[in-house]
Structures are given as structure tokens and as C-alpha cells.
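A.B. asks: Here the sequence shown stands for residues 28 to 284, where the numbers follow the working numbering.
FYI, nobody ran anything at the bench for these hints, they're computed from the structure.
Just to be clear, a hint being listed does not mean it is correct.
[To be verified] Derived BS3-like pairs: lysine-lysine, alpha-carbon spacing no greater than 25 Å straight-line:
#, residue 1, residue 2
1, K93, K151
2, K201, K212
3, K284, K151
4, K249, K201
5, K201, K151
6, K212, K249
7, K284, K137
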Amino acid sequence: MKRKIQTAERCSSHEASDNVIFRRHLFAYEQAATLVSGSVAEAGSGEGYGIPILLPRVAHYLAMDKYPTAIAGDYPDRVCFQRVQFPDFDGVPAGAFDFVVCFQVLEHIKNDRLFVANLAQLLKPGGRLLLTTPHAPMSLTRNPFHVREYEYAGLEALLAPCFRRVDIRGVYGKQQALDYYEANKQSVARIRRYDVFDFEHTLPAALLRIPYTLLNRLNRHKLLRQRDTPAAAITTDEFYLDTFAPTAFDFFVVAEK
Numbered sequence: 028m029k030r031k032i033q034t035a036e037r038c039s040s041h042e043a044s045d046n047v048i049f050r051r052h053l054f055a056y057e058q059a060a061t062l063v064s065g066s067v068a069e070a071g072s073g074e075g076y077g078i079p080i081l082l083p084r085v086a087h088y089l090a091m092d093k094y095p096t097a098i099a100g101d102y103p104d105r106v107c108f109q110r111v112q113f114p115d116f117d118g119v120p121a122g123a124f125d126f127v128v129c130f131q132v133l134e135h136i137k138n139d140r141l142f143v144a145n146l147a148q149l150l151k152p153g154g155r156l157l158l159t160t161p162h163a164p165m166s167l168t169r170n171p172f173h174v175r176e177y178e179y180a181g182l183e184a185l186l187a188p189c190f191r192r193v194d195i196r197g198v199y200g201k202q203q204a205l206d207y208y209e210a211n212k213q214s215v216a217r218i219r220r221y222d223v224f225d226f227e228h229t230l231p232a233a234l235l236r237i238p239y240t241l242l243n244r245l246n247r248h249k250l251l252r253q254r255d256t257p258a259a260a261i262t263t264d265e266f267y268l269d270t271f272a273p274t275a276f277d278f279f280v281v282a283e284k
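Start from the sequences, fold in the hints, and give me the full structure.
C.D. replies: In C-alpha cells form, the structure reads like this:
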């Protein structure tokens, strides 16, 4: 059954204009599916589109989000849902999970140090955190839904105190994904020319969210219609994982407790 829920600006699997960013997010779950086993907790499960990808290799799955959903009803024997306010994890057992998955959430958390420390507390000794977050220099504009975005050194410094081993890799695009990125970059640049008072950087985030959302949606619909940037045709095969370099769209972290 299709569900649409509000998930703090996360892209939707039901919106065609979100396809490229959705496939980029889905790619991370496909990579995680080659790693996970045992008991898994996901911080920021959203509408649950990653669950069927990870579940075949998981004995027990705890989905957590700040918005209530009924996603566990689709998997009554192996998935539980718990409503959780991040960065706290009240009511979630510490040291209970082999893996914690946290994709495209960290950038939304004000107290990121407490959040990362609490993610580590959920893991068993030797357990691993799988985390993605945008690579700041590749973002095309300020995102008012993000508290901050990270560069490599800052992300490493955030994670290192809580984990004995941190491997930071990058998510990259192949040619179609790169073509879309360049078209999007040019389109965003044209929009930004009208921001003569630099509202993008001077407005408080709360006031910027509505115009950002409207312009972002209009821009994605425009790109969806362009024949030379076939956004709807892009699949997860257009992305790949490799050692980190400045052209990475996202960080992909495997951190061992």
C-alpha cells in the first residue's frame, strides 16, 4: 500500500520529479544490504522504502522516526516501529543492535555530537553504524531544512570519538546522473540571479523553507520534462561507491564501535 507521510524534507518514492535524489538514497540501502545482518535499528526510517531491501538479511528490524507510521504492519513478524525524538533515543535499548542505519538524517540534527554518541550507544560491541549525509561542497544552494552539511574533516572529527574505526567513502554518479547534476546546477544558478538581496543566506531558515520548497519543486518538474536530462529514466545503477574524493555527492560511512 502506498503511503505519503511528512518526513522532514525527505524525498518521496511516489513523486516522479524526486526520482534522481530518490534513486541516490535507494542506492545507499542497496549497499547496506551487502553488509547488514542480525538485529538492525534504523534512525529516520521515513516511509520505509529501505526496509524491503535490508530485511532479507535481518533477523529483527527496529524502524524509528519522529513521525508516526504504520510501516511495521507490512512486516508484522520482523519489524517494529517506535516513534523517537532525535537526538535522544528514549525507550530504545542500549547495546542491542548489530547494525544501526542512519541515512540522510544527520544534517537535520542540531546537537549532532549527542546524536552520534547515542547512535553508538545503541550498538553492541563491534557493531557498525552505516550513515550517509550530503557532501557540502556538492550542494547547489543553501537547504533551510538542514542544520548543517559536512566536509570530510568535520565529519571524521564528529565520528572518531565514538567509534574505534571509521571508514568514510563517497557516493558518485555515472554519466546520466552527472548530466542531471549539471543541468540542475545551471537551472539553480539562473534562479539565484533573481536573489539580488541574497535572501538565500540572510533569511532565517524557517522563513526560507516555503520559497525553497516551491522553487525546488518547480525546478525538479522542469528538469523532469527536459529530454536531454532523462530524470525519470535514472536508476540506482547510475550511482557507485568508491573511496572519498571531492566529487562525491554523499558520504557513505561504516563506523565500528
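A.B. asks: It remains to establish, for every hint, whether it holds in the given structure.
C.D. replies: Do the hints match the structure? See the list:
1. Annotation: proposed proximity of K93 to K151 holds, straight-line Cα distance about 23 Å (limit 25 Å).
2. Between the alpha carbons of K201 and K212 the distance comes to roughly 16 Å, so the proposed pair stays at or under 25 Å and holds.
3. Under the criterion of a C-alpha separation no larger than 25 Å, the hint pairing K284 with K151 is consistent with the structure, at around 8 Å.
4. A C-alpha spacing of about 22 Å is found between K249 and K201, which places the hinted pair at or below 25 Å, so the restraint holds.
5. With a C-alpha separation of about 36 Å, the suggested pairing of K201 with K151 is violated against the 25 Å cut-off.
6. A threshold of 25 Å between alpha carbons decides the hint, and for K212 with K249 the separation of about 13 Å falls inside it, so the pair holds.
7. With a CA separation close to 23 Å, the supplied pair K284 and K137 stays within the 25 Å bound.
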